[in-house]
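Chain A is already provided as a structure; the job is to place chain B on it using the hints.
The primary structure of each chain is shown beneath.
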Amino acid sequence: MNPSDILTPPHWPSRFLRWYCHPDYLEDIEGDLIERFETDLAIKGPKVARWNYTKDVFRLFRPGIIRPLSGNNQLNHYGMFKNYIKVGVRNILRQKAFSVINIAGLAIGIACCLLILLYVNDELSYDRYNKNFDRIYRILHTYRSAENPGSLPPPSPEDFQVWGSAPVGPALQADFPEIESYFRFTSPSQLLFQYGSKRFQEDNMVFADSTAFQIFSWNLISGNPKTALKEPNSIVLTLSTAMKYFGYDDPMGKTITIDQTETFVVTGVMGDVPSNTHFTFDGLISMTTFHNWRPEIFDSWGYVDFYTYFLLKENSRIESLEGKIPDFIEHNGPDWYKTDNTIAFEPLSSAYLHSKASRQPGTTGSYTNIYIFSFIAGFILLIACINFMNLSTARSMERAKEIGVRKAIGAQRHSLIVQFLLESIMLTMLAALLALILVAFVLPFTRELSGKALYFSDLLSWPFIALFTGSVIFVGLIAGSYPAWVLARFKSSQVLKGRLKSSSGGISLRKALVVFQFALSMSLIVGTAVVFSQLKHLHTLDMGFTKDQMLVIDFGWDSKVQEQIASIKTELGKHPKVSMVSTSRAVPGAFLPDAGTRIESASGEMTMHNPGIYEIDQDFIPTYEIELIAGRAFSDDFPSDTTQALLINEAAAKLYGYTNAEDVIGKKFTQWGREGTVVGVVKDFNYKSLHSKVEPLSIRYAPTGALRRFSLKVAPEGMVTTLADLEQLWSQLVPHRPFIYSFLDDSFNRQYDADIRFGQIFTVFSSLAILIACLGLFGLTTYTTALKTKEIGIRKVLGASLFSIVTLLSKDYIKLFLIAVLIGIPVSWFAMNSWLDNFAYKMEIGPGVFIVAASICLLIALSTISWQSVHSALRNPVDSLKDE
Amino acid sequence: MSKHHLGEFEEIVMLTVAILADEAYGVAIIDEMESRLNRKVSIGALQTVLRRLEKKGYLSSQFGEATNMRGGKRKRYFSLTTYGKNVLTEVKEQRLSLWEAIPNFSLNK
Numbered sequence: 001m002n003p004s005d006i007l008t009p010p011h012w013p014s015r016f017l018r019w020y021c022h023p024d025y026l027e028d029i030e031g032d033l034i035e036r037f038e039t040d041l042a043i044k045g046p047k048v049a050r051w052n053y054t055k056d057v058f059r060l061f062r063p064g065i066i067r068p069l070s071g072n073n074q075l076n077h078y079g080m081f082k083n084y085i086k087v088g089v090r091n092i093l094r095q096k097a098f099s100v101i102n103i104a105g106l107a108i109g110i111a112c113c114l115l116i117l118l119y120v121n122d123e124l125s126y127d128r129y130n131k132n133f134d135r136i137y138r139i140l141h142t143y144r145s146a147e148n149p150g151s152l153p154p155p156s157p158e159d160f161q162v163w164g165s166a167p168v169g170p171a172l173q174a175d176f177p178e179i180e181s182y183f184r185f186t187s188p189s190q191l192l193f194q195y196g197s198k199r200f201q202e203d204n205m206v207f208a209d210s211t212a213f214q215i216f217s218w219n220l221i222s223g224n225p226k227t228a229l230k231e232p233n234s235i236v237l238t239l240s241t242a243m244k245y246f247g248y249d250d251p252m253g254k255t256i257t258i259d260q261t262e263t264f265v266v267t268g269v270m271g272d273v274p275s276n277t278h279f280t281f282d283g284l285i286s287m288t289t290f291h292n293w294r295p296e297i298f299d300s301w302g303y304v305d306f307y308t309y310f311l312l313k314e315n316s317r318i319e320s321l322e323g324k325i326p327d328f329i330e331h332n333g334p335d336w337y338k339t340d341n342t343i344a345f346e347p348l349s350s351a352y353l354h355s356k357a358s359r360q361p362g363t364t365g366s367y368t369n370i371y372i373f374s375f376i377a378g379f380i381l382l383i384a385c386i387n388f389m390n391l392s393t394a395r396s397m398e399r400a401k402e403i404g405v406r407k408a409i410g411a412q413r414h415s416l417i418v419q420f421l422l423e424s425i426m427l428t429m430l431a432a433l434l435a436l437i438l439v440a441f442v443l444p445f446t447r448e449l450s451g452k453a454l455y456f457s458d459l460l461s462w463p464f465i466a467l468f469t470g471s472v473i474f475v476g477l478i479a480g481s482y483p484a485w486v487l488a489r490f491k492s493s494q495v496l497k498g499r500l501k502s503s504s505g506g507i508s509l510r511k512a513l514v515v516f517q518f519a520l521s522m523s524l525i526v527g528t529a530v531v532f533s534q535l536k537h538l539h540t541l542d543m544g545f546t547k548d549q550m551l552v553i554d555f556g557w558d559s560k561v562q563e564q565i566a567s568i569k570t571e572l573g574k575h576p577k578v579s580m581v582s583t584s585r586a587v588p589g590a591f592l593p594d595a596g597t598r599i600e601s602a603s604g605e606m607t608m609h610n611p612g613i614y615e616i617d618q619d620f621i622p623t624y625e626i627e628l629i630a631g632r633a634f635s636d637d638f639p640s641d642t643t644q645a646l647l648i649n650e651a652a653a654k655l656y657g658y659t660n661a662e663d664v665i666g667k668k669f670t671q672w673g674r675e676g677t678v679v680g681v682v683k684d685f686n687y688k689s690l691h692s693k694v695e696p697l698s699i700r701y702a703p704t705g706a707l708r709r710f711s712l713k714v715a716p717e718g719m720v721t722t723l724a725d726l727e728q729l730w731s732q733l734v735p736h737r738p739f740i741y742s743f744l745d746d747s748f749n750r751q752y753d754a755d756i757r758f759g760q761i762f763t764v765f766s767s768l769a770i771l772i773a774c775l776g777l778f779g780l781t782t783y784t785t786a787l788k789t790k791e792i793g794i795r796k797v798l799g800a801s802l803f804s805i806v807t808l809l810s811k812d813y814i815k816l817f818l819i820a821v822l823i824g825i826p827v828s829w830f831a832m833n834s835w836l837d838n839f840a841y842k843m844e845i846g847p848g849v850f851i852v853a854a855s856i857c858l859l860i861a862l863s864t865i866s867w868q869s870v871h872s873a874l875r876n877p878v879d880s881l882k883d884e
Numbered sequence: 001m002s003k004h005h006l007g008e009f010e011e012i013v014m015l016t017v018a019i020l021a022d023e024a025y026g027v028a029i030i031d032e033m034e035s036r037l038n039r040k041v042s043i044g045a046l047q048t049v050l051r052r053l054e055k056k057g058y059l060s061s062q063f064g065e066a067t068n069m070r071g072g073k074r075k076r077y078f079s080l081t082t083y084g085k086n087v088l089t090e091v092k093e094q095r096l097s098l099w100e101a102i103p104n105f106s107l108n109k
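Quick mapping for you: the protein sequence lines, in order, are chains A and B.
Numbering (UniProt numbering) for the first sequence: 1 to 884.
Numbering (UniProt numbering) for the second sequence: 1 to 109.
Honestly, I wouldn't trust all of these hints.
[Stated by the list, open to error] Heads up, simulated DSS-like pairs for lysine-lysine below, C-alpha to C-alpha not over 27 Å straight-line: (1) 668/A x 683/A; (2) 401/A x 882/A; (3) 73/B x 44/A; (4) 683/A x 536/A; (5) 96/A x 790/A; (6) 452/A x 356/A; (7) 55/A x 73/B; (8) 44/A x 40/B; (9) 40/B x 86/A; (10) 683/A x 667/A; (11) 82/A x 407/A; (12) 47/A x 40/B; (13) 82/A x 55/B; (14) 47/A x 55/B; (15) 40/B x 55/A.
Read the hints as simulated data drawn from the structure, not as lab findings.
This is chain A alone, in the form it adopts within the complex:
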């Protein structure tokens, strides 16, 4: 340190003081400090003096001394910004109607975007809670039949299915050291659970390997994650299932009786499977149990009932495994390989949204819907932004004087642009605040609409807040950009002289924006109409079978029911309101398996395919009124039908190479260990959903043990008493099993829940978009009508009729509207046709839809416009003319 430096106050504290101190106080305070320092220097020495000085500087750092945040003699624009904000607030308050239109529109737009964001966020969050998310893969299988291996083209993603056989998992782990562990679970079993007096049928219990908790990050509340699923007859329940049976008692170690014969010990309780998991279950039963029940299937490469997931070791690459698949197949399942079956791997990240494979273990999401909804939300926001642009430019004359004065006293163009951008950002901020409140209120009601629980708290994360603030500023900039540019262009000399009378600025753009808004609204109306007509179309389509008044009783393969199935069936049929009864494994809309089936081709060779399989009794076809187009249905008159006959549908006949259904009658078949002849061909009936065409189906007489459901054709009158009677009867016939029934049309239509939901969401968003567009139109007409007040007054004085004035005020908009319709028709036609491609049975989009949509649109637009124009046309001309 320089010796002379010691005699002056320390440098850094002084700089600090000068930085924070109020500029008015700085001189004398610093003087006082220096005086103190000089005194201290003389009496106590430099060290103490410097220390005291520093101490004093820091003790001066307190409110009252610190400069105010908006300093006034600094080289910055705080003062100007303050003025901009003040003027902005005054403008918002002065033009209340316009501010409300702008803010409400933007708020609704932002709220829609927020809701969609929450929805999309949830869709994208699937399975990500797993710690090993990036390392979990699942095995996809394809089952195809080829005469020679390798003769078929490589399978497409749609050819694969998630459902596969048991030995693949263990074999993969044995062959590939990269695989840390594998986890299999079965498709859900329907089991009758009993604990004490509580008895329920459980429909969503799966058998699962003990590695469950090692691979997936499910929360095991009690029990040992390593051993809970090791022993046979052990079961891990989810919390809500455990509560159902045990209430608040500790379920651990308690025994549950399943299907009245087996006892299971509860070895664990886990939290419910998170809602953002691509499959779900109510409980896990140890795989060893299943192994004890049916040991043979665990070595069978052909028996399909397992979903297999595996955990890749860290630093291993899935690509290296994929290259070795052909070798693996050949080496492990030679027979299997010959039929050209193979496997593929799919990462967990693709399971929910990207998987094209069939036989998913749970519902899958739709990327298309995410796109559609995001687009609509974006459009709504865009419409709101356009409102803002239109209203601001239309009303720019009101700001012209202000701009003129600002320019005259030296405002530059860029500072005016900054001013107007700031105003629009302010408005957007207000709208954003309102939007948050709106979302908080509306969110509880969206559960119904979106089918999932969304929580406001999901919005309270830092990345989201940053994104939100950023987007709000961005929206403000977008909405404010054009008005700011137009306003800042005014020439002060002209404005102040009063030469600029009407706002010619941006009229053509304004028109274009209105056209755009209405084209969009029109397309959304068309979209809504198409979605609903398509759903109605599906309802009225001939399904090829009767689904009305069909009562289905599910007894879940109960062996006791199956033993006395004939007598139960007779008893049920005795009820006066029941006209027909049949038993079967599957019913339309319910799950059915595929069966490898060989049927003799026209040239006499046995051809192998995998059609679906229905196992039924002789009453099924008459009960469902399924039409036969060739041959005959099963009948009591032919005892051999029970083991040696097969029915197929038209699609299956074609699959096996018979264009004429008659030709396949009498051909030989082998299927699942049964041999015989094809006795009949049924007309295609829609046993799955109408999203897909009718697929090939084989129908055979059900062997004992394969039945699961009764189908009862019930008279519609007095349904309530019929149901009560049947339940009574059921409890006498089958006292141990609850009476579980559904109406076929209900359960069948449930397949369209997702479509209906889509339609509802679409409607809500379209209505909002149209509402905002109308708000904008209303604001715009209010303004243009106000400009023409005098003109209207003079016209009225000269004898113009109400009608001619309304026409005068509306005809500009009607022209714009017609252009919008012309643009909207092709756009919506194209968009909706691509949506309809999801359905195998789609409606034709006729001109009717467009006419209806255009009329609705025109009606809404006209009533919006006429609200203002009629109002001003009715006014007494004296009021508008006297003030000059």
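Showing chain B alone in chain A's frame:
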């Protein structure tokens, strides 16, 4: 009266400013208070109170001449305003009236 509330420290500062008459600037006030009341006062504490009293209108201030001392910085001299004097007087009278209201015996005990 309650609206002219004076804190204890505020009152002392105002009294000291009154004592120093024309010589009441930052360091002088501190020195005076330290010598008369045997009380340590930091510049920070004093300056905050001075500015607050000035804002309330009890004190007024003006700069003195620049000298070679103090790094050439001017002193700011504080003085009581009429309003300040009134407030101070009122405070004094209130205290006195309280003192007078005390019965004799209670202090002699």
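Against the structure, the hints come out as follows:
1. 668/A x 683/A: 20 Å, holds
2. 401/A x 882/A: Holds, at about 25 Å.
3. 73/B x 44/A: The hint holds at about 23 Å.
4. 683/A x 536/A: Given that 27 Å is the threshold and the Cα spacing comes to 23 Å, the pair holds.
5. 96/A x 790/A: Distance of about 23 Å is within 27 Å: holds.
6. 452/A x 356/A: 22 Å, holds
7. 55/A x 73/B: 20 Å, holds
8. 44/A x 40/B: 17 Å, holds
9. 40/B x 86/A: 46 Å, violated
10. 683/A x 667/A: Judged against 27 Å, a Cα distance of about 18 Å means the pair holds.
11. 82/A x 407/A: Judged against 27 Å, a Cα distance of about 18 Å means the pair holds.
12. 47/A x 40/B: 20 Å, holds
13. 82/A x 55/B: 24 Å, holds
14. 47/A x 55/B: 36 Å, violated
15. 40/B x 55/A: Holds. Residue 40/B to residue 55/A sits at ~14 Å (cutoff 27 Å).
In terms of the numbered hints stated before, the structure departs from hints 9 and 14, listed from lowest to highest.
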